[in-house]
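The task is simple: from the sequences and hints, build the whole structure.
Protein chains in written order, with the working numbering: chain A, 1 to 165; chain B, 1 to 165.
Worth flagging that the hints you see were computed from the coordinates, not collected in a lab.
Watch out, some of these pointers could steer you wrong.
Which residues of chain A face chain B? A few of them, derived with a C-beta cut under 7 angstroms, are [as the list claims (entries may be wrong)]: (1) G99; (2) T133; (3) E145.
Only pairs whose alpha carbons sit at most 25 angstroms apart, straight line, appear in this in silico PhoX-like list of lysine-lysine [as the list claims (entries may be wrong)]: (4) K62/A with K160/A; (5) K69/A with K44/A; (6) K128/A with K134/B; (7) K153/A with K62/A; (8) K110/B with K153/A; (9) K121/B with K121/A; (10) K2/B with K121/A; (11) K73/A with K44/A; (12) K2/A with K134/A; (13) K2/A with K128/B; (14) K2/B with K128/A; (15) K73/A with K132/A; (16) K161/A with K62/A; (17) K121/B with K134/A.
Each residue gets a CB set at the ideal place from its N, CA and C atoms; glycine is no exception.
Protein chains: 2
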Amino acid sequence: MKVSNTVEWAIHCCALLAGLPEGVCLTGKDLAEFHGVPHPYLAKALQTLSSDGILKTVSGPKGGYNLAKMPNKISLLDIVLSIEGNSSCFECSEIRQQGPTALERSNSYKQPCLVAGAMWKAENVWRKELDKTKLSHLLERVPLEVDPRQLKKAQNWLKKKRPSN
Amino acid sequence: MKVSNTVEWAIHCCALLAGLPEGVCLTGKDLAEFHGVPHPYLAKALQTLSSDGILKTVSGPKGGYNLAKMPNKISLLDIVLSIEGNSSCFECSEIRQQGPTALERSNSYKQPCLVAGAMWKAENVWRKELDKTKLSHLLERVPLEVDPRQLKKAQNWLKKKRPSN
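So this is what it looks like as structure tokens:
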């Protein structure tokens, strides 16, 4: 059971975009360069985030990607579900309806399987926790937890990419 | 991000074994038959559960698998981690150490990445929830949530398999 590494890239990209000065965008190539990840794979993830209303694309010479909503309106869950899809981690194959003890009519099974119910309950707790964490919460912790030398390098990199901002 | 369907089989097998009368075992073939799942795949999962101390094997003509611990000492988390492995669902590839803003020394990164920290926090909440649910909790709910006709069929099946019990 693994979250794909594209999720990691997607969250980092969204967090970076959340921290940009008002109106500044970055292209897919910029985002790939900043994070040292392959552009073709990242581009697909950015398109997905865009079609799910998490990112927006801005056209023009200074265009690129930006957040489609405020950082306090985008949660880690939004990003995870956009990249991984919204289906449950636990797929109930209804094995209680297989084998020699199965009831003949499938409509005899009115309640969800006990096992599936317990697994889904835990998954909902996980989803709620991810939904509580917004991009704005990550941003607040950047000055406390990211090395100031790295923040400086990021600012310099951005100045080169978007000299007028 | 998916839990493998072997997890579903494994939890159902453990729950069934938890509900057996004292001293009764079932073989891997019995468990596969009861759940209508392919024996070779299930056998591998049962061996894993056994080597992780969740199941035990009893030899002799009435032998087979049984729980290695009381049902209130085995959680869904124990079973999930046995089948899926104990590694985190979110693997941090340290992309903050990639690209043009990375610091030269990797020992500059003393704290975990903010993104990974948030993902792991949510995973821990999921794990705790799974750990709270013991096999004994599932058993308590069987008479309330499983159709009595299915329970009767299960008892009859067991009588045929283990006539002396």
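Here is how each hint holds up against the structure:
no., hint, verdict
1, G99, "4 angstroms, holds"
2, T133, "5 angstroms, holds"
3, E145, "5 angstroms, holds"
4, K62/A with K160/A, "13 angstroms, holds"
5, K69/A with K44/A, "20 angstroms, holds"
6, K128/A with K134/B, "22 angstroms, holds"
7, K153/A with K62/A, "21 angstroms, holds"
8, K110/B with K153/A, "18 angstroms, holds"
9, K121/B with K121/A, "17 angstroms, holds"
10, K2/B with K121/A, "15 angstroms, holds"
11, K73/A with K44/A, "23 angstroms, holds"
12, K2/A with K134/A, "22 angstroms, holds"
13, K2/A with K128/B, "18 angstroms, holds"
14, K2/B with K128/A, "18 angstroms, holds"
15, K73/A with K132/A, "10 angstroms, holds"
16, K161/A with K62/A, "10 angstroms, holds"
17, K121/B with K134/A, "14 angstroms, holds"
In this structure, every one of the numbered hints holds.
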